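Undergrad: Sequences and hints are given; from them, build the entire structure.
Residue 1 is where the sequence shown starts when you use this note's numbering, and the numbers rise one by one after that.
No lab work stands behind these hints, which were simulated from the structure alone.
On a predicted model such as this, the values are computed, not experimentally measured, just so you know.
Glycine included, every Cβ here is placed at the ideal spot set by N, Cα and C.
A portion of the hints provided could be inaccurate.
[Unchecked claim] Straight-line C-alpha distance at most 30 Å; calculated DSBU-like pairs for lysine-lysine:
{"id": "1", "residue 1": "Lys202", "residue 2": "Lys981"}
{"id": "2", "residue 1": "Lys850", "residue 2": "Lys867"}
{"id": "3", "residue 1": "Lys981", "residue 2": "Lys852"}
{"id": "4", "residue 1": "Lys765", "residue 2": "Lys753"}
{"id": "5", "residue 1": "Lys867", "residue 2": "Lys221"}
{"id": "6", "residue 1": "Lys944", "residue 2": "Lys771"}
{"id": "7", "residue 1": "Lys985", "residue 2": "Lys850"}
{"id": "8", "residue 1": "Lys827", "residue 2": "Lys760"}
{"id": "9", "residue 1": "Lys982", "residue 2": "Lys207"}
{"id": "10", "residue 1": "Lys883", "residue 2": "Lys903"}
[Said to hold, decoys possible] The calculated label-pair distances, taken between Cβ atoms and stated as ranges, are:
{"id": "11", "residue 1": "Leu609", "residue 2": "Glu173", "range": "31 to 39 Å"}
{"id": "12", "residue 1": "Ala36", "residue 2": "Ser980", "range": "46 to 54 Å"}
{"id": "13", "residue 1": "Asp52", "residue 2": "Gln719", "range": "20 to 28 Å"}
{"id": "14", "residue 1": "Pro427", "residue 2": "Glu901", "range": "40 to 48 Å"}
{"id": "15", "residue 1": "Ser980", "residue 2": "Glu721", "range": "22 to 30 Å"}
{"id": "16", "residue 1": "Leu609", "residue 2": "Gln697", "range": "28 to 36 Å"}
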Amino acid sequence: MNRSLPFICLAISFLISCKNNTNKTSETKVDTLTEAQQHLAENALKGLEAFDGLAVRTFATEPMLKNPTNIDVDERGRVWVTEAYNYRPAINGNPTNAAGDRIMILEDNNGDGRADTAKVFYQGPELNAPLGICVLGKQVLISQSPYVWAFYDDDGDDKADRKEVMFSGIGGEQHDHGMHTFTFGADGKLYFNFGNEGRQLKDKNGKPVLDQDGDPIDSKKYKQGMVFRCNPDGSHVECLGQNFRNPYEVAVDSYGTLWQSDNDDDGNRGVRINYVMDYGNYGYTDEMTGAGWQANRTNIEDSIPFRHWHLNDPGEVPNLLQTGAGSPTGIVVYEGSLLPKEFQGQLIHCDAGTNIVRSYSVTKNGAGYAAKIINILEGEKDKWFRPADICVAPDGSLIVADWYDPGVGGHQAGDQTRGRIYRIAPPKSDYTIPKENYSTPEGAITALQNANLSVRYHAFTTLQSMGTEAVPALEKLWNDENANPRMRARAFWVLIKMKNANAQQYIQQAIKSNNPDLRITGLRAARELNADVLNVVKQLVNDSDAQVRRECAIALHHNKSAEAPELWATLAMQHDGKDRWYLEALGIGADKQWNAFFKAYLNQVKDPLQSAASRDIVWRARTDEAVPCLARLASDKDIPVQNRLRYFRAFDFNTGSAKSSYLVKMITDNTSNDVSLNKLVLHALDVKTVQHSAAAQKALADVIESVQRTPEYIEFVKQYEVKAENKNLLQLAIDSANAGLGRDAARLLLTLKGAALVQKVLNGKDTLQTKALLAALSGVGSKESIDIIQKVALSPGYPINIRKDAAGKIGKSWGGEDRVLEILKAKKVPAELVPDVVSSVSGAWRGSVKSKAESYLPGHTTTALKKAPTMNELAAIKADAAKGKVIFMNTCSVCHVAGNEGKDFGPKLTEIGSKYAKDGLLDAIVHPSDGISFGYEGWEIKMKDGSVMSGIIASNTETAMEVKFPGGTTQQIKTNEVASKKEMKTSLMPEGLYQNLSNEDLANLLEYLEGLKKK
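TA: Next comes the structure, spelled out in structure tokens:
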């Protein structure tokens, strides 16, 4: 194979150390640089601040690399980079390289901590924005939906000789929520994840990959983003967690504990860090229905960041931390010794959205964990700093990849030429790579204790190949009570994975250790090897450590042994009523076996309602056996209703036949006719049961009467299709014509076949009522509602003032906008009504609709669009944030929330200044379609009745779809009424909004938005 000559990096010699480093005083301050100068490679460090006691150096910058999405550091200290020049061009319109993206190798040849050479390991047209790289000796795994490729450098010349498909069929092609990178675990397994566009996993031949239960890994069994474990060759795949939104990378410590971050729907301040409890559900969507987090539910969380993950629902594993707004990316467990003590054994994580690398100092808390945040590297002065990934080098230093861009997420790429790699280490710490000796067991064991995963992979595989020759040295480390327990765990994993090893001997030693982490490791090993798991659980079932017992509960997951129920009951009896982590572990252990497990528990507990702990078990249970207890708890009048909401919500997770009868009994036993109680019961009941129960029907009538003229009224009438309420709906539509409640009433009235009542009002003589009803109908947007308004406008039988009013309302919905263009083009509109019809789309979200409609006005002339101002032009204006807030309220708040103000439609902007500088904000305003935040994509939905609506799909289940519209209104439609849906290529945010703003207004708006930061 021909070798390409390496090129020389432009050396960057600047160093930033601790914040009070006196060397900084001689440097040019970042605020004295122009905007262009700030983004030059030679000024890369001037906008960064490092933790006291650490220094950051540039390892490499452009032109040596560009647009790094993911990195790995091999055993020689070389940095491997996946580049993404060809990043989402179909959306952002950026140019592409027909030769494809590159996999780069950056190498420091002289130990000064700066790359001297760069090599292209592979470039090909099939590479388009890969998101993951994992270097395992001569094998390099590249993650890029729909594939995971294994590249091989067979001859060691740093060029790929061949590639094979490891996995295929993965969703999320050219999407950030697709396939992510792989990580080597201390157990010799590979760990990986994908976001909620991944959906399924297939093998190299396109056949479904089966999980640990023998079921296909797809969206039929699992929800949203998932995390996996497999053998190095891709076999024996296990799904270890589900219902994430977009976990970017999974980190594994030496004990086998998994950690990852997860992103929220943009702007909802719900970014989270998770301990991945095996087989856990992590609550991005409703576990039972798949509904989105915004869907209303009983006991809904009182703040959006928690609501985002369904944290009040039984069956949702808690979050370790919630860090606010951001775009979380790479994560590692730092098990080296070069960094200060506070970072050793802790998580270190990148957040590209908030321009930060931080550590999470984790401590044990019952069966779970608590953590505090320590910032390591901040880009407060350079908002283009976008840390995309982080790795630990063989010397123990941190290597950070910087995407370097004015924006992040939503398919944006404002810059295609830049990219940086940084090294973080104590000051005056040379980049000296240890020379490991793999020829002896002792040397390989020394390498096994390295902080770098590539070194450890080499050591693990070498020791495995040595076999019995390596056992004495491994046992020496394993049995050394004074050794670092993490290093002992690594030796343990090698020992039990040896061919013909006496794994039971080592497992028994591990579970008898004084260190609970090693006892956990022993139990996990028994599970991986399927080595007499139940016997291990028996020995640990009464362990004093809650985390050990947590692992015992997880070990019973889908265990069919006759002894499993009693063991689970013993574990359940030790729940303290406070530890949610422990409770969820119990739930995971009892999955699909609740009947037997809960019966065993009832045999041990005298009264399942006697304590907070036993009430928790009832709440978490999924069995008819628990429903009587649940009903007693939900109907206990001695407990405030607010404290009983969790029990009513628990009914939604029980699908057995007993639920309905107990719920109806709660109504019949409610002799005082407590409407608030009946309301909660009816939320949990189904339509069929209510229709066959006189008591339930009476309760429904009472509840409807009690919630008249409220959103709850609409909700109950719609849920139970109460046509008897049509006259009340009509009056509500008239009385609240200009409010969302009136529009919803009008929509529901038509759904319940109340068109005749509508027509009666429109044909009547009460002009005020007619105009009010037309106003309510104008926001509905269904084909039927638009037809009604058009008929009034174009029928000569109506008074001209009513016709003109109707003409001015045809285009007040998305479907109405299309209708306006249709009837104008077909010349169906009388000349005297054309101005009114055109005026109905004056506020159209699609600027093209407004301009096309205006072209039908007599004497119309086209006004040339003004050119968008540059950031330099706006920077010259002295901006006023207070005036900018006024602009926001008048222009942006109809679709965006900032703090407590605005409408909830587009991404929330409460902390937008922590994510974007002014240049990024300006680009988003001028080019809204270049970066559509995930979860805010527009959809065109065609209904079977011929109507069309466009909005954001906030929730989508098998039976219903909730659509959000500009202005924050929502509509729930039945899935069986939808003919088709198609994702829109353009943003629902109108193009050209800046046309209506002066440069001063725009500068003030940017000043206000940039000031919206995390407090």
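Undergrad: Taking 46 to 54 Å as the hint, is the beta-carbon distance of Ala36 and Ser980 inside that range?
TA: holds (47 Å)
Undergrad: Has the given pair, Lys985 with Lys850, been kept, meaning a C-alpha gap of at most 30 Å?
TA: Since the Cα atoms of Lys985 and Lys850 sit roughly 19 Å apart, the hinted pair holds (cutoff 30 Å).
Undergrad: Is the Cα-Cα distance between Lys827 and Lys760 30 Å or less?
TA: At roughly 29 Å apart (the allowed maximum being 30 Å), Lys760 and Lys827 satisfy the hint.
Undergrad: Is 31 to 39 Å a correct range for the gap between the Cβ atoms of Leu609 and Glu173?
TA: Taking Cβ atoms as reference, Leu609 and Glu173 lie about 52 Å apart, which means the hint is violated.
Undergrad: With the threshold set at 30 Å, check whether the alpha-carbon distance from Lys765 to Lys753 stays at or below it.
TA: Measuring from Cα to Cα gives roughly 23 Å; hence the hint holds.
Undergrad: Below or equal to 30 Å on CA atoms is what counts here, so check Lys982 against Lys207.
TA: At roughly 28 Å apart (the allowed maximum being 30 Å), Lys207 and Lys982 satisfy the hint.
Undergrad: State, for the Cβ atoms of Leu609 and Gln697, whether the hinted interval 28 to 36 Å holds or is violated.
TA: Between Leu609 and Gln697, where Cβ atoms are some 31 Å apart, the hint holds.
Undergrad: Could you see if the CB distance from Asp52 to Gln719 stays within 20 to 28 Å?
TA: violated (58 Å)
Undergrad: Given the hint that Lys850 pairs with Lys867, does the C-alpha gap stay at or below 30 Å?
TA: Distance ~19 Å between Lys850 and Lys867 Cα, so the pair holds.
Undergrad: Can you confirm whether the C-alpha distance between Lys867 and Lys221 stays at or below 30 Å?
TA: violated (51 Å)
Undergrad: Take the C-beta atom of Pro427 and the C-beta atom of Glu901, compute their distance, and say whether it sits inside 40 to 48 Å.
TA: Taking Cβ atoms as reference, Pro427 and Glu901 lie about 46 Å apart, which means the hint holds.
Undergrad: Regarding the pair Lys883 and Lys903, is the alpha-carbon distance no greater than 30 Å?
TA: holds (20 Å)
Checked against the numbered hints above, the structure breaks hints 5, 11 and 13 and satisfies the rest.
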